[in-house]
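Asks: Residues per chain, in single letters:
4 protein chains.
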Amino acid sequence: MSDINKVVLAYSGGLDTSIILKWLEDQYQCEIVTFTADIGQGEEVEPARAKAEALGVKEIYIEDLCEEFVRDYVYPMFRANAIYEGEYLLGTSIARPLIAKRMVEIVKETGADAVSHGATGKGNDQVRFELGAYALSPGIEVIAPWRIWDMNSREDLLAYAEKHNIPVEMKRGKQSPYSMDANLLHISYEGGILEDPWNEPDEEMWRWSVSPQNAPDTPLELTLDYVQGDIVAIDGEKMTPAQVLRYLNKVAGAHGVGRLDMVENRYVGMKSRGCYETPGGTVMLKAHRAMESLTLDREVAHLKDDLMARYAKLVYNGYWWSPERQALQTLIDETQQVVNGQVRLKLYKGNIIIIGRQSAENSLFSEAIATFEDDDGAYNQKDAEGFIKLNALRLRIAALSGR
Amino acid sequence: MSDINKVVLAYSGGLDTSIILKWLEDQYQCEIVTFTADIGQGEEVEPARAKAEALGVKEIYIEDLCEEFVRDYVYPMFRANAIYEGEYLLGTSIARPLIAKRMVEIVKETGADAVSHGATGKGNDQVRFELGAYALSPGIEVIAPWRIWDMNSREDLLAYAEKHNIPVEMKRGKQSPYSMDANLLHISYEGGILEDPWNEPDEEMWRWSVSPQNAPDTPLELTLDYVQGDIVAIDGEKMTPAQVLRYLNKVAGAHGVGRLDMVENRYVGMKSRGCYETPGGTVMLKAHRAMESLTLDREVAHLKDDLMARYAKLVYNGYWWSPERQALQTLIDETQQVVNGQVRLKLYKGNIIIIGRQSAENSLFSEAIATFEDDDGAYNQKDAEGFIKLNALRLRIAALSGR
Amino acid sequence: MSDINKVVLAYSGGLDTSIILKWLEDQYQCEIVTFTADIGQGEEVEPARAKAEALGVKEIYIEDLCEEFVRDYVYPMFRANAIYEGEYLLGTSIARPLIAKRMVEIVKETGADAVSHGATGKGNDQVRFELGAYALSPGIEVIAPWRIWDMNSREDLLAYAEKHNIPVEMKRGKQSPYSMDANLLHISYEGGILEDPWNEPDEEMWRWSVSPQNAPDTPLELTLDYVQGDIVAIDGEKMTPAQVLRYLNKVAGAHGVGRLDMVENRYVGMKSRGCYETPGGTVMLKAHRAMESLTLDREVAHLKDDLMARYAKLVYNGYWWSPERQALQTLIDETQQVVNGQVRLKLYKGNIIIIGRQSAENSLFSEAIATFEDDDGAYNQKDAEGFIKLNALRLRIAALSGR
Amino acid sequence: MSDINKVVLAYSGGLDTSIILKWLEDQYQCEIVTFTADIGQGEEVEPARAKAEALGVKEIYIEDLCEEFVRDYVYPMFRANAIYEGEYLLGTSIARPLIAKRMVEIVKETGADAVSHGATGKGNDQVRFELGAYALSPGIEVIAPWRIWDMNSREDLLAYAEKHNIPVEMKRGKQSPYSMDANLLHISYEGGILEDPWNEPDEEMWRWSVSPQNAPDTPLELTLDYVQGDIVAIDGEKMTPAQVLRYLNKVAGAHGVGRLDMVENRYVGMKSRGCYETPGGTVMLKAHRAMESLTLDREVAHLKDDLMARYAKLVYNGYWWSPERQALQTLIDETQQVVNGQVRLKLYKGNIIIIGRQSAENSLFSEAIATFEDDDGAYNQKDAEGFIKLNALRLRIAALSGR
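Protein chains in written order, with the UniProt record's numbering: chain A, 1 to 403; chain B, 1 to 403; chain C, 1 to 403; chain D, 1 to 403.
Everything labelled a hint here was simulated from the structure, so no lab data went into it. There is no bait here: all hints are sound.
Copies of the same chain look alike in the list, so a pair counts if it works inside one copy or between any two.
Only pairs whose alpha carbons sit at most 30 Å apart, straight line, appear in this in silico DSS-like list of lysine-lysine:
1. Lys163 to Lys382
2. Lys286 to Lys250
3. Lys108 to Lys382
4. Lys313 to Lys250
5. Lys163 to Lys22
6. Lys58 to Lys22
7. Lys346 to Lys250
Model the full structure from these sequences, guided by the hints.
Replies: As structure tokens, this is what we get:
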């Protein structure tokens, strides 16, 4: 069918990607290399080895990328305070660039000629994955079975599995009614009853957080230490990036923090409804803004705000590996050199309550100047008159001219 | 001292503005017109009449501007989803343009030559007030006593009051330790222990909301009706704009919604720490985004997001009456024609949980296209390949050239 | 092949679209409606009638759209000062939305089911044309033969013409070595020796302008009258929009004005090199900026400048009929109410030299304030101190903190 | 009058700054340090020494800053393609930050406590100068005599000079009717008959360029070599930044290039009319865009375009030494790593005609893909269908919903 000899497949060990594995072998008469990454999705990755072996795969990559994921993708993105469409913390979007990068590297290591993935033709993930692959390996072949084959439903898949002797244990027990995606930053839910945006999700859908109703009656207080915009310690204990996020997920989820239910605009052109749990990330965003509020210059902060939605859109649309994202990141990282200090906050029944921020070295907050009391001349109130007069000048000239 | 004969004073009836009243008479040998507006600050305005009369004022304006305030200022601003510095809902900022406008009108009605206010020379309010006055009446004189006189503290003021026989009842009983400002949209707190941003505010500071801890255990569910971006009914009951905001303040405050504690950047150049309660506004922002998520085109929504921070900055800095704010408003209002429908949400212990959105006429959500199930050809997954390939082309060419 | 019965074809009367006409009939066994528009390309459109008749077409639309083109497309775009990538005046881009709109109307008038065009699969024009068609008629079929058939070169086309008895007179005599596009706003050249961006175009390529070297030694002086941002008269003589552009093309071309040679980035992902002649448009842009410089508020002008590139990109990429372009247009048109007055300029050997601008009603230029001489107190220089001091405050606080 | 003991004065040697020198001594009973910089204004700076000595100054700084000026200020600004209000190349604006920086250094070297300058209270230069001084030395005193003293006209100054025995030779012979400013980047003219924006400037006003009419009949062809966005050689000859600008000024001025006549919006609130000659800079801008057109990624170029006006405004308003300008510069400089290659152009009677651009290492122009001829499969035209279909999807859904 083409001259493809070896394909690196993003393999979860589940039914769908097992079927893809078989289908690729059939269609292309090619060898398969499986790649299974632990990026904190909360399921064991090691079982994927036995399943791949059972399917006859000889080159099997199983890797723990959690630390790299948070350090090189999640953390830089949070320096930008990125939110898509006012709400979404980009939990799914930010994992794809790393998967794409690692697969392209495995293609080189194994002498493969193509990559394949299980993302559908309707979603954003195919775009994020493939833009990354093409940017990092411009001549690569990408095989997206969902855009090629005729199977359109679960029944079709099951029939295919039966026909091709794909082992029974691949079928998960009770199927979730939702399409889900998880990594250390978040878990997402789409499909099922969510396809009507007037429906409320069932309480049992949520997996990583209790509802605010069921959260403890006692707030939890945390102190976060920031160095150059990144959290490096919690309550005085140094942690790696993945440790930070894992810890925040645990405590924030336990306090009912981080649920989101929204309708979003996909890059491929339609609206879709998604529910997300991002406990740690929700804390990180609010705390980072608090840390910046004390340490960033006003106009630098406003510049970041003006560019934030653009940056978030780039990540959402899959342009992590683009030169424009990298140019923006350079600006953002430059601004973070001074974002050092501590933020105190409380978690309580879904709320994140900032209760303090300080920066020994980089605070721009001047109590002497801000005070409502006598400031001993630190600020000359008479200066305000000229400031206002000149800022008003163009408005006055316009009004005088009859506008 | 100058040829000022009559001054319109923004008069609260409190000690500070009573002193200003006396001081203006002394300094300028002029008549005073007092203007006291009810914009929902939660204090009676009528007592200001007796106080002004006691001080010898002959022209006294006392007006209820609540409806105009919400309809013509708060509502248009919320169409923009305006947030300053990622957090602040602009509660103080949005009231000044209306006060400025009304005072300029009273200047004309009374044949006055100047306006005066009690805002200090360190804050944003002087700027907002005066930019409005100059834009609407370019030749007007503005007298800002705090920038002129030598009094710098409460003791100075009390001494002045005593010396000039300003009635004792003007002095409020127990003085709040905070500098506060209130209107239908919010109440703010600055100063006192808040001047150290590492300090947590006392629970008793908050006046309009219970703490999430003390909120009811049972959620309250609301359905909001939108017409062209504005809420016109709650739970099926038609309400005026001021009624909407009053109702939302009541129920959201009762459920612990709308507290904010932040460090912000003032237009006059320093950072300051403020605490805000905006119960109804916090609901309005989140619900409006939900209504837009279903009805706005993606790129229109993104355009609004890209301009939002700019719009918010204009309002914060006092440029409501500027042509650039008006140009942006034209764009924003144009986009809102289709923002019609209903949003369902729950209030619970500080959380606003969106649980549904629908629009009979203007929904752009297509279940047929978004579905994960077979869509009968509504969307051709094969199109995604070309979409990705062409979007990747520039990235591939760059990679091929060695980048 | 499909259930297409009647196709509206954008028909120039030339060889390529005549071949498309035949090919459509063959492939789809369908009726063809031809549509030929005069948008100022400088060739007679009436001959297309005989050619279409000779090919057996029964429904033939030939229309003069020049006035509509300039009034409803070119003029609104120039209100935005639109330039793509710092150089390109969007001459080709702006004509497609009108063609798309008119064809969609003809589809409805004739009961057709599809439209077809002769744009290639590598260019921007297919995108502009089809985005317009889909936006205005969401269920329409678009047939783009160049993306379907196997013909890739001129030889292929000639062979096809011979085989299908497409009349010889369809072949133009001496073929231009360039791919060209023309309308009242501009003429463009691509391909041939231009495909190496290090090559200079031959002088004989240019058709609408003399070289600056060959332009007259005497400057031509013009006075343009603006009403709401649009030119309504030249040298005191009232003109329609199309008359204005035709006149400016003539005189500016004669004076060597309006040539451009650039490398641009296509929406479909590659760079391409184009040469453009836009004599009248080049004058319009510069003169419009001069008119705005006197009449627009500073911040409104800067807002327009900040949005300009975005607007230009929308037009370039084919999003004229999108809601985001319309939202921006609303803002732009709102700003133009005050852009009234006169601009004087000289054309001389490729130069446009602005020599005067005035606005009796809407000038914001105040000689009294701007003067270097004594201004009798119109401006208080002492105000500048406070203005600078407060603008410097954040910079000073940062420096004091050690930055 | 205050505790000022030593003032560093920006001293040109002309009458105005000589008067300021005397006035400062009188008012503050202080020592004066003069600072005279050669930044390419075209006048000898050495004579300022004798004049300062004649006025009794003991510490005299006379310095050639041309190379630093172009290398560290002009070149970085041109990497941004900065233009203010569509026209102005920021020639005056870009010189102030350097002067401010050097004066602040001299304050430290000489143990002075203040700086002083001759800029008026109506202009931008005071702002640019003082914002720089405050940002670099937050506790510095700035003395701006024009905002303090009562002299308002030339007559006042002459009377003062006479009274204080300021030597007669300080008065220039024939006074220019214009207020001028010059440095290696440009010369500017304001005031006089220019204060009516309907007046054309006299031909004899211009000093650095011939009129296009008087320019040679033979074009001059140049080849510019770029390394990382900066010109490093002309016609194969390596040059320093100042040498480049000096050479381009000479040849472009001789060919009538670089005149500008505009109305601009000052930061202090009024419109003013200025004429500028920027021969070399005008060439640099156009050539830099040509170099970028071949080497920059599309979206990086568009990001730069979207930020350009903001960057230009910062420079115009005097925020060179602000953190937001520095953050933007970081982004801009990052993009320039690939801006390497050659640009060929012709100068002819006011025109700059780009005739070629190439980049051996960094060109993103792919003739194979861009060609109108058969491309052997480098680009699959069928991909365009999916690209258009998905980009159109949201427009089609909207149209189907009745918009």
